[in-house]
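**Q** So the protein sequences, as listed, match chains A and B. Here numbering that gives the first Met the number 0 is used: position 91 in the first sequence is 90, and no number is missing along the way. Here numbering that gives the first Met the number 0 is used: position 82 in the second sequence is 81, and no number is missing along the way.
Treat the hints as calculated values from the structure; they're not laboratory data. None of these values were measured; they are calculated from a predicted model. Do not rely on the hints blindly, as some may be mistaken.
Pairs count within a copy or across copies, as identical chains cannot be separated in the list.
Said to hold, decoys possible - Derived pair list, reagent style BS3-like, types lysine-lysine, alpha-carbon separation capped at 25 angstroms:
1) Lys197 / Lys212
2) Lys197 / Lys113
3) Lys142 / Lys212
4) Lys223 / Lys142
5) Lys158 / Lys42
6) Lys223 / Lys197
Number of protein chains: 2
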Amino acid sequence: MIEEGFSHPKVRSPRVQVEEALAAMIRPLPPGTQLPPEPTLAKQLGVSRATLREVMRTFAERGILTRRHGVGTFVASRIPVLESGIEILESIDSLARQMGLETHVAALEVLERKATPKEAEGLESKELIDVLVINRVITVEGKPVADLRDIVPLDYLRKEELEREDFHGSVLDLFLERGNPMLSISRTDIIAVSADAKFARRLHVSRGSALLKLAAKLYSYDEKVVDYSISYFVPGQFRFHVMRRVTHA
Amino acid sequence: MIEEGFSHPKVRSPRVQVEEALAAMIRPLPPGTQLPPEPTLAKQLGVSRATLREVMRTFAERGILTRRHGVGTFVASRIPVLESGIEILESIDSLARQMGLETHVAALEVLERKATPKEAEGLESKELIDVLVINRVITVEGKPVADLRDIVPLDYLRKEELEREDFHGSVLDLFLERGNPMLSISRTDIIAVSADAKFARRLHVSRGSALLKLAAKLYSYDEKVVDYSISYFVPGQFRFHVMRRVTHA
DNA sequence: ATAATGTCTGTTGTCTGACAAGTAAAGGGC
DNA sequence: GCCCTTTACTTGTCAGACAACAGACATTAT
Numbered sequence: 000m001i002e003e004g005f006s007h008p009k010v011r012s013p014r015v016q017v018e019e020a021l022a023a024m025i026r027p028l029p030p031g032t033q034l035p036p037e038p039t040l041a042k043q044l045g046v047s048r049a050t051l052r053e054v055m056r057t058f059a060e061r062g063i064l065t066r067r068h069g070v071g072t073f074v075a076s077r078i079p080v081l082e083s084g085i086e087i088l089e090s091i092d093s094l095a096r097q098m099g100l101e102t103h104v105a106a107l108e109v110l111e112r113k114a115t116p117k118e119a120e121g122l123e124s125k126e127l128i129d130v131l132v133i134n135r136v137i138t139v140e141g142k143p144v145a146d147l148r149d150i151v152p153l154d155y156l157r158k159e160e161l162e163r164e165d166f167h168g169s170v171l172d173l174f175l176e177r178g179n180p181m182l183s184i185s186r187t188d189i190i191a192v193s194a195d196a197k198f199a200r201r202l203h204v205s206r207g208s209a210l211l212k213l214a215a216k217l218y219s220y221d222e223k224v225v226d227y228s229i230s231y232f233v234p235g236q237f238r239f240h241v242m243r244r245v246t247h248a
Numbered sequence: 000m001i002e003e004g005f006s007h008p009k010v011r012s013p014r015v016q017v018e019e020a021l022a023a024m025i026r027p028l029p030p031g032t033q034l035p036p037e038p039t040l041a042k043q044l045g046v047s048r049a050t051l052r053e054v055m056r057t058f059a060e061r062g063i064l065t066r067r068h069g070v071g072t073f074v075a076s077r078i079p080v081l082e083s084g085i086e087i088l089e090s091i092d093s094l095a096r097q098m099g100l101e102t103h104v105a106a107l108e109v110l111e112r113k114a115t116p117k118e119a120e121g122l123e124s125k126e127l128i129d130v131l132v133i134n135r136v137i138t139v140e141g142k143p144v145a146d147l148r149d150i151v152p153l154d155y156l157r158k159e160e161l162e163r164e165d166f167h168g169s170v171l172d173l174f175l176e177r178g179n180p181m182l183s184i185s186r187t188d189i190i191a192v193s194a195d196a197k198f199a200r201r202l203h204v205s206r207g208s209a210l211l212k213l214a215a216k217l218y219s220y221d222e223k224v225v226d227y228s229i230s231y232f233v234p235g236q237f238r239f240h241v242m243r244r245v246t247h248a
């Protein structure tokens, strides 16, 4: 019996192959470049036009390509691919690393306790279930830039696991690496708040200065909230942006 | 000769029809529900299976559907469809209307002048070009909720056009209706700021209270910035959120 | 009996070839 | 010169067929 246990088949399906090949083909092309006609391209990539079309349509949906009936298919703006804003689900940690910054975790505090009513609401739970609370301040070059708090139901994460899996600051990354629970989407609310005395001290800002507050719910495939996180960011240190496409175009 | 001049044809293409029909069909279904097989569904919707498949694949791409080879197509999590956050490019105006609120434009001020250095930077222009500046305060039920400023190069919009096209508060909507310039994406930076005396007065908040500042660049297809807008939002009145999917899943 | 194997059914995935519809530019008549 | 027609090219849609896959069931060998 040969061990298998892979979810990635050795022989990728034509569609996946075409996705990769087409992406590689597009990458170096300047925006506005016209692609070869579908029949030609299909022959080049060794698939049928139908399969190619399905891939091209998803690329158009993503904003990588622009299709014009009777005219052709063109490479669209490259802008959204270059910089990754928060349109992709990534941890603050990965984001910072991409920017070439080194983040450190300070004032890490991990405890298990019952959820407060507000936290239970964030977790979309009717009861005050047992949760793991992770508090910490993120610093860049010695300066505090964010205050993070994650609330995770004990079903998904326990204190012992956190130490075993060498936690480096991100519950999201931990879940992704572990592959469990299966994550689907997150919803982040964005609010501006004034720093009270507590945050002023923790983040080294003056009281009353504006902070960006992000309240994020991370959902699993079965639509449970597996992580409710509240973060406060110091303006100027971290910049958030959203890329949006014109619907349908 | 019949006047046409619409960019929305009366007879929607089969694909668009199927998109709408399928979306309507999915909406009431609970997550996990299996859809009819493709041939059946295609017949029901009156299109070929190829066309249906292109639509279904984009829906899967959006996370609305889940497809399993050899098994079937299923309704995925409904969460992202329910509320539309700022992941879709929509004007504040349309957003408010969807929430069932009625917005009013107050303190409208339109002028043509040279761009300031900061504005030119926002427009990604090296020169201090001539621009149309639109200032106004948005109110809901008499209360101010947002202060908006749009800076548009005169090439794309002139003062006269604004009056002709019965401007109701949104440059984005105007461009979309007019179909010119062709829009591709927008990039919005999100920052928290404290209200200075000017904004405190305009938005009826106390000085120093936190405001959400959005700086958005709206790009056309040829990657020019056609609208640089700066908005200040009063917390509590408007809530922004972002939905993000786990990459690829 | 039980476990492995084969078979059958229903589904999505892919292919082929054809025609329809839209766009833009070349060509022709005035 | 100007306007209309024609033409070539591209994407959009269609129809029908077969392949690949997953799961349930029956069959067989041990």
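**Q** For every hint, state whether the structure bears it out.
**A** To see whether the hints hold, each was checked on the structure:
1. Lys197 / Lys212: both (15 angstroms within a copy, 24 angstroms between copies)
2. Lys197 / Lys113: within (22 angstroms within a copy, 45 angstroms between copies)
3. Lys142 / Lys212: both (18 angstroms within a copy, 23 angstroms between copies)
4. Lys223 / Lys142: neither (35 angstroms within a copy, 36 angstroms between copies)
5. Lys158 / Lys42: Intra 51 angstroms, inter 51 angstroms, cutoff 25 angstroms: neither.
6. Lys223 / Lys197: For Lys223 and Lys197, neither the intra-copy (31 angstroms) nor the inter-copy (44 angstroms) Cα distance is at most 25 angstroms.
Checked against the numbered hints above, the structure violates hints 4, 5, 6; every other hint is satisfied.
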